[in-house]
Each structure stands twice: as C-alpha cells, then as structure tokens.
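**Student:** We have chain D; now place chain E onto it with these hints.
Number of protein chains: 2
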Amino acid sequence: MSAFGVRNDVTIQELAWEAVRESLDDSGLEQKDIELSVVGTVNTRGYELMPAVVVNEYSGLTGRGPVRVEAACATGSAALWAAYSAVASGQVDIAIAIGVEKMNEVDTATSLAVGGRAGNYLWEFHMYGTTFPAYYAFYATAHMQKFGTTEEQMAMVAVKNHRYASRNPKAHFQFEVTLEEVLKSRPIAWPLKLLDCSPISDGAAAAVLASEDVARKITDTPVWIEAIGYSSDTSNFTRRPHYLGLEATRKAAEMAYRRAGVEPRQVEVAEVHDCFTIAEIMAYEDLGWVEKGKGGIFIAEGQSELGGKVSVNLSGGLKAKGHPLGATGLAQIYELVKQLREERERGRQAPLRNYIALSHNVGGTGHYAYVTILRR
Amino acid sequence: MSAFGVRNDVTIQELAWEAVRESLDDSGLEQKDIELSVVGTVNTRGYELMPAVVVNEYSGLTGRGPVRVEAACATGSAALWAAYSAVASGQVDIAIAIGVEKMNEVDTATSLAVGGRAGNYLWEFHMYGTTFPAYYAFYATAHMQKFGTTEEQMAMVAVKNHRYASRNPKAHFQFEVTLEEVLKSRPIAWPLKLLDCSPISDGAAAAVLASEDVARKITDTPVWIEAIGYSSDTSNFTRRPHYLGLEATRKAAEMAYRRAGVEPRQVEVAEVHDCFTIAEIMAYEDLGWVEKGKGGIFIAEGQSELGGKVSVNLSGGLKAKGHPLGATGLAQIYELVKQLREERERGRQAPLRNYIALSHNVGGTGHYAYVTILRR
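As you go down the protein sequences, you meet chains D and E in turn. In terms of the working numbering, the first sequence opens at residue 4 and continues consecutively. In terms of the working numbering, the second sequence opens at residue 4 and continues consecutively.
Note that these hints are calculated values from the structure, not bench results. Treat the numbers as computed from the prediction; the structure is a model and nothing was measured. The reader is advised that the hints may include incorrect statements.
Any copy, or any two copies together, can satisfy a pair, since identical chains are not distinguished.
As the list claims (entries may be wrong) - Here are the simulated DSS-like pairs of lysine-lysine, each with C-alpha atoms no more than 30 Å apart in a straight line:
| # | residue 1 | residue 2 |
| --- | --- | --- |
| 1 | Lys254 | Lys35 |
| 2 | Lys254 | Lys220 |
| 3 | Lys312 | Lys149 |
| 4 | Lys187 | Lys341 |
| 5 | Lys254 | Lys341 |
| 6 | Lys35 | Lys295 |
Next comes chain D alone, as it looks inside the complex (with noise of 0.2 Å):
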C-alpha cells in the first residue's frame, strides 16, 4: 500500500508501483512470477483511456493484464473478486490485484459533480443537483429519526477512526481529533459535518493471490480468502425501500458469511465503508454485530474500539486513512493481512482468538457492495 494523501509528487503508474513494489518485496515474488494482473480504478482522473495498461507497463507486468474492473468506490474489491475468480477458476495459479486512484486532479467542483452522479444522473443529480453527502445525509436523518441516532455518536466514529489514523504511518489523516471538534466542524449536508467525512484522497494497494498449494509454497505465514460475497442495487435512490441501512450490505454479508461458513460474531477484526460517519454505524448493524438500529449504542458503549466485540477500522478507515475510490477495497485488505499476521503498530493490532477478519466495500450509496472473509 502506498501513502495515502494528497499525491501529487507521483502519476498513476508511479503510485501503483508503490502498492506493487511491496507487494512483490512480501511475497518474494517477481513480476516474472505473475500470471495477471487486475487493475482497479474509476479514472476520475480520467486522461489515460486505457489506465490498467500504463499501470502494468510501469510495474512491469506488461502482457499480463488484460482487464479493468470498476465498481465505483468498490473498484478495489471488484479487482479481488476478479483476480480471485482467475486463480479459482484453475487459470493461473498467481495473481496481482492493484488499486489505484488519483482524486486531487480534479477540482472540488467536478468532484462534487461526479460524486453527485453517484445516484442516478438523469433522476437525481440532473434534477435536483444531489451531492454525495446529501446522499448519506439522507441515511444519516432516517436512521436519527427512527432510532434516535445522535450527532455525538457519529461524531464518536470520527473520534476512533482519527485516533487510530493517528497511529498509521501511511494514513491521509495523521492526527487525533476531539468530539467537540468534529460536532463544531463547518455542516456539509446536515447532520453531516466536515468531520463526519471522508476525505478526497490519492492512492494505491495491491495484493498477491495464489492458489493453495502454491500459496504454500511461497509463504510460512497465508492468509486466506475464505469467501467474497458480493450484492449490488438499484442506481435510483429513491427506489430504495428505506434508508435506514443498505441492502446491498445485507446481501453480500450474507453470500459472505454462509459461503465461509462464519457466524457473524467470529468476526474480530474489521474494515468497514465508512465514507461518512454514519455509513460505519450501518455497517455494524447490515454485518450483523448488532441489532439494526442499536449501531449508535455499539459505538458509544466502545464495541467497536481496539479489543471490543470486533475491532473496526484500526487502519483510520476511510474517514482517516482516505478513500482513493480504486484503492480503498485492497487498502482493507492491506490492513486485514497485516492485523492477522499481528505485525501492526502498538495501540492498532487487534487482539485475535480466532484469526477471523472482514472487509466491507460499498460503492456509490449502496450500488454495490463487497463483503471478503479473510482468516489465518
């Protein structure tokens, strides 16, 4: 995984290389040794028609990768799912999935233009000019009128989410902040403020997959894709039949977890889609760690800190660490094998019994939906 921020020291090939350059150093692999390669990226940037082969070529893999996938802020696990697929299917027995996106290049404006094109564009944004918090601002007003959801608590995400970016070398956010001064930032789309959101940021991951006898081979210490679970819906918003939580969630948990044959509270370590605060709290409940409408309590009664009944979003999540859209998928991942190989900083690795971990990707407000199930 590369440095998460504002990158604009790297192009996009330079910065996948990072990712890549790693990933290769861990694995003791060569590029000589990856059968294919999958990009991710949305391209917001845009200028490169054919991103996946610039990508490649700069890495060294060229001749290796045929495909980009997109799934919109999901883009990093739809590069698992595809290069998982390949090594699954028997193809190759060595893969590379690469995430990465640069979101500084554009101005705030187009940003907030293409953000707001995460709903449907002719019914939504076209017409009534919907950004992509006032999208989360939507889930974030339901789920405070039904459930009593309160200001504090999401702010409370932030809080966690900062303090352990805090301890990330590699975060966007490297720095600590305080309840009241998330529930004093500036409103964006009320309740949400400018500290309930994640950040446009620069980046890239990467992971090695290989098949299980060979995965053997090259490592003493695997970690294992159990099951990707995977949902997606409808592109209009207001066809969606509440917004208390997202369905896609619910669905591709549920592929997830019957798949890997994990009851949701094995889970013990997790990343979760926390592009805005209250989208962690969904999470909670969508996941199954606790009842739909009590993710507020969980929260606050410090359920989802270091050494709670799961422990979510020791990298900083996407509120600290960023969200560069292609990236975010295999950046959970990156922190997911790292915390089951129990090889984090002091004060982020998650005490672990099981060696059960989740990651949890949506893209656009519930569009698509990624569930992996990893374990040791």
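**Tutor:** Same frame as chain D, but now just chain E:
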C-alpha cells in the same frame, strides 16, 4: 445482440436490454435464474458514473451485477472472460456477460481525441496528435514496405466484409462496396481510406454462460468455451518491436490454442478484429492461418471467404457490422454461436466439419488482445 448502427432512439440501458432480452429468450431463462451479471462498457458517453448499475437495473438484474469491466475495444471479451472465470471457479452456475456502447452521442472531434488517446497520452497524443487511424496506418505502411501488401488487398477485406454485412439484418452497413469504391474513397490516414475504417457504432450484445452440468440441462445445443487466451502490451506505440503484426494477438492465440488443445488449421469459422482492413490481414498471420507476410495473398486468394480455409467475419466484421467498443467482443461470440448452430442466413453460413470457431478481439492498437475458442 441489438441492431448495430446509429441508435439515438434508445438510452444505453434500453440498448443493452435488446441484447439481454434475446439472450434470455434464446436460453429459455428468466432474470431470476441469472446469478451474476458482468457488464462491459468503455463508457465513452461518460455521463453515468456507474453504467453497469443502470444497465443491470433496466434489465431486471439488480443485485446480480457487482462489476463493470473495461479493456478498450476488447471490453466485450473482457466481460466474457470475467463471467467465465466466475462460473469456472464454481462460484455461480449461470452468468450473463453484457457489452454495450453508445458512441454517437459524443461529437466526431471527441471521438478522434479519445481514439488518439488509445496510445500513451502524454507521449503520443499530447505531443504528436496521433489519432486512431494514424496508428493503424503505421502498421499498414510497414506491412506494405516489408511484404509488398497492397492497397487493393486491403480493399478486398472491405469488399468481403461488406458483402456479408449486406446479408446481416443487424449490421450497421447493410450494403456492398466495390473494390473501386474502396480505393477511391477519401484518405483518412494514408494508406487507409474511409472504406478501410470501421464506423462509429452504437450497439449491445450479451452471452449467457453456464457450468457444464447446468448447460446440458438448459439447452440441447450448448456451445462450449474451450479456452480464452488473453494478453496485453506496452502503452507506448514507440516501444513496439515492429509494426508488422500484434504481439498481444500472437500471445493470446498461443494461450488459447494451448489451453484448448486446438491447432490453428482446425478453426473453420472466425470473427477477427478488423477495425481497419490491415488489421484483418495481420490477424490471419498472427492467428497462425498463414505465415507472416502472406496475409495479403490470403485474402486475394479467397482463403478467408465463406468456404475458404477459414471463413472470416461472416457477420460483416467490425468493418461493416459496426464496432461499439463494449459490445464488439460479445457480438463476435453471438455470431459464432449462431454459426456453430448453423442458424445463419443463406450466403453467410460457414460450412462446418469440426465445429470449431475462434473470436479475436483487440483493445487499442494491440494494448489488449483476447482469443476465444468455441466448439459445438
């Protein structure tokens, strides 16, 4: 497959549905039977941030579509490959690959600019203004200089493919052209003239894939994917070792033939990537049907005509059937499935003995290549 052409009568999702509907009708399946949908689109139109979501929703496949894939002009084949990998891995039994593109909603200047960006943006388009036909003109002139290939031989490809397109009710150009008309058409990038070039088309195509057991249950006329080969190449046109053929095609073909256990001479019917007439001539060579340099003679001798050594582009090819980027690879599969089932119109049904077919789909100027081998 939808009708190809200028399809300003439909939105991208309506266009895709034309192909999905026919796929469902043909397979006797309903949407509820489809476990996974992979959408391929380059999204040249660009206003939908998540084109796969709107396409799946309109086709009644909400929840089943976790990803969009892109591989420039080979995007349709990339979608087939991703769906194939998921089925072959055992994750799902029934999947659909959907390819769709609307190209006529951007103006010609934009199309040319986008086409030019098929090379390396910073080094080629930005510095030299290279457009897409110019790239293939490099190949054409090199082939002429080295092997004595002639403008007449290239024109013969256009005459042949227009002849078959005139018999294909879904083709963009359902008219014949004479050798003289091709040779006298206006120069675009010498030696390529207007009638050497594929058009700017809108269209969609789709394919239903099933695991072996399930396929036998749902149809009496299954067509088997024997293998999919793929490769990619440098984004820097100037780094190609020569301009006499596409290394990506050669490598993808080698992988496909090896995995399928098929020899080039066993292929009886093929759809090859004739974005420009020279591309079809190079494909004869790179796919192993004739030695390098003899592609011009191959067409002149009628070896690629209906009933020749291999019947090539009986659909009309990209050249005359049309080339909507995301749809092209799947439209090739559509054509070959119909050919292998011997369901084509009089005057364009290949005579078959081995029932082995091949599709060849290139992205950019050899940046990507897919070769798929089908057998009935």
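**Student:** So which of the earlier hints does this model not fit?
**Tutor:** Of the numbered hints given earlier, the structure breaks just one, which is hint 4.
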